[in-house]
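Engineer: For reference, the chains in residue letters:
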Amino acid sequence: DSGVTQTPKHLITATGQRVTLRCSPRSGDLSVYWYQQSLDQGLQFLIQYYNGEERAKGNILERFSAQQFPDLHSELNLSSLELGDSALYFCASSVDPVLGYGYTFGSGTRLTVV
Amino acid sequence: DAKTTQPTSMDCAEGRAANLPCNHSTISGNEYVYWYRQIHSQGPQYIIHGLKNNETNEMASLIITEDRKSSTLILPHATLRDTAVYYCIVRVGGYSGAGSYQLTFGKGTKLSVIP
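Sequences listed follow chains G and P, in order.
For any residue, its number in the working numbering is found by taking its place in the first sequence, counting from 1, and adding 2.
For any residue, its number in the working numbering is found by taking its place in the second sequence, counting from 1, and adding 4.
Since the hints were made in silico from the structure, they are not lab data.
Beta carbons are placed, not taken as given, at the ideal position from N, Cα and C, and that holds for glycine.
Heads up, a few of these hints could be off.
Claimed, not checked - Below are the BS3-like pairs computed for lysine-lysine, each with C-alpha atoms no more than 30 Å apart in a straight line:
1. P:K111 <-> G:K11
2. P:K7 <-> P:K56
3. P:K7 <-> P:K73
4. P:K7 <-> P:K114
5. G:K11 <-> G:K59
6. G:K11 <-> P:K73
7. P:K111 <-> P:K73
8. P:K114 <-> P:K56
9. G:K11 <-> P:K114
10. G:K59 <-> P:K114
11. P:K56 <-> G:K11
12. P:K73 <-> P:K56
13. P:K56 <-> P:K111
14. P:K7 <-> P:K111
15. P:K73 <-> P:K114
16. G:K59 <-> P:K73
Stated by the list, open to error - Residues from chain G that keep clear of chain P, each with C-beta distances beyond 12 Å, as calculated:
17. I14
18. V21
19. G30
20. S33
21. G44
22. Q46
23. E64
24. F71
25. S81
26. L83
27. E84
I would like the entire structure built from these sequences, with the hints used as guidance.
Structural biologist: Written out as structure tokens, the structure reads:
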């Protein structure tokens, strides 16, 4: 157990639907990152939050949005889902985004869009 | 952040040392070298990092060349559980002001440890 909790572990949904992925960071970590990993693709950075504020955006589609709540958990919302959105979605947390070590990843949510 | 170049794949016999190279010829003076690995579909795991000195921890050793243009991750006694994709990442580290500082993953090296 890495200390980063992601739910659900698996999600199957139809095209056009909307889903919410949840991430609870490791205790004490203020920064949360979301990554997408499609089949045979590398990890693509989506978005970062630090203590409730958005800090950086990567290759995140307009159909996707995220937020970090006062208790520091984060949610990634994916809407108007397409087949190509099927992927593993990882959340990571760190106590300080400046440091490159100490990023702890969760076990991911596997999203399948049918 | 500087780009890195890693071999696509490598094999290593179980019990032998695994040496994974990484080229980062455009690295800047304030950029660190970080290594993470991803064991089949699990979340990536931090291994080690360094600036210019060689580093060792319980998992691995990191050798950085004097000109810092390349580095080698060494797993001293590879086991089957070390089979994974290994990512070399170069990024600004340390306390250098506000910023996003996300980790950018490349394709990595797929290490296969063979019995």
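Engineer: If a hint holds in the structure, say so; if it doesn't, say that too.
Structural biologist: Tested hints:
Restraint check for K111 (chain P) and K11 (chain G): the C-alpha separation of about 24 Å stays at or below 30 Å, so the hint holds. Proximity of K7 (chain P) to K56 (chain P) is assessed by CA-CA distance (about 17 Å); at most 30 Å being required, the pair is judged to hold. Between K7 (chain P) and K73 (chain P) the alpha-carbon distance is near 11 Å, which keeps this suggested pair within the 30 Å criterion. For the suggested pair K7 (chain P) and K114 (chain P), the alpha carbons sit about 18 Å apart, so the restraint of at most 30 Å is met.
Restraint check: the Cα-Cα separation between K11 (chain G) and K59 (chain G) comes to about 24 Å, which is no more than 30 Å; the hinted pair holds. Between the alpha carbons of K11 (chain G) and K73 (chain P) the distance comes to roughly 40 Å, so the proposed pair goes past 30 Å and is violated. Of the supplied pair hints, the one linking K111 (chain P) and K73 (chain P) holds, its CA atoms being roughly 19 Å apart against a limit of 30 Å. Simply put, K114 (chain P) and K56 (chain P) have alpha-carbon atoms about 25 Å apart, close enough for the 30 Å limit, and the pair holds.
Under the criterion of a C-alpha separation no larger than 30 Å, the hint pairing K11 (chain G) with K114 (chain P) is consistent with the structure, at around 25 Å. A C-alpha spacing of about 28 Å is found between K59 (chain G) and K114 (chain P), which places the hinted pair at or below 30 Å, so the restraint holds. Among the hinted pairs, K56 (chain P) with K11 (chain G) is inconsistent with the structure: their alpha-carbon atoms are about 39 Å apart, more than 30 Å. Between the alpha carbons of K73 (chain P) and K56 (chain P) the distance comes to roughly 10 Å, so the proposed pair stays at or under 30 Å and holds.
At most 30 Å may separate the alpha-carbon atoms for a hinted pair to count; K56 (chain P) and K111 (chain P) meet this at roughly 24 Å. Note on K7 (chain P) and K111 (chain P): the hinted pairing holds, with a Cα-Cα distance of about 11 Å set against a maximum of 30 Å. For the proposed pair K73 (chain P) and K114 (chain P), the alpha carbon gap of about 21 Å is at most 30 Å, so the pair holds. The hinted pair formed by K59 (chain G) and K73 (chain P) meets the criterion: a straight-line CA distance of about 29 Å does not exceed 30 Å.
Residue placement check: I14 (chain G) keeps its beta carbon more than 12 Å from all beta carbons of chain P (closest about 16 Å). Once the 12 Å rule is applied to beta carbons, V21 (chain G) is consistent with being away from chain P; the minimum gap is 19 Å. Residue-level check passed: G30 (chain G) sits 16 Å from the nearest beta carbon of chain P, beyond 12 Å. Listed as outside the interface, S33 (chain G) is inconsistent with that label: its C-beta sits roughly 9 Å from the nearest C-beta of chain P, within the 12 Å cut-off.
Some Cβ of chain P comes within 12 Å of the Cβ of G44 (chain G); the nearest lies about 5 Å off, and the non-interface call is violated. Some Cβ of chain P comes within 12 Å of the Cβ of Q46 (chain G); the nearest lies about 8 Å off, and the non-interface call is violated. With a least beta-carbon separation of about 19 Å from chain P, E64 (chain G) lies farther than 12 Å from that chain, consistent with its non-interface assignment. For F71 (chain G), the requirement that its beta carbon stay farther than 12 Å from each beta carbon of chain P is met, with the minimum near 20 Å.
S81 (chain G), annotated as away from the interface, keeps every beta carbon of chain P farther than 12 Å; the closest lies near 23 Å. At the 12 Å boundary, the C-beta of L83 (chain G) stays outside the reach of chain P, the nearest C-beta of that chain being 21 Å off. Every beta carbon of chain P lies more than 12 Å from that of E84 (chain G), the smallest distance being close to 22 Å; the non-interface claim holds.
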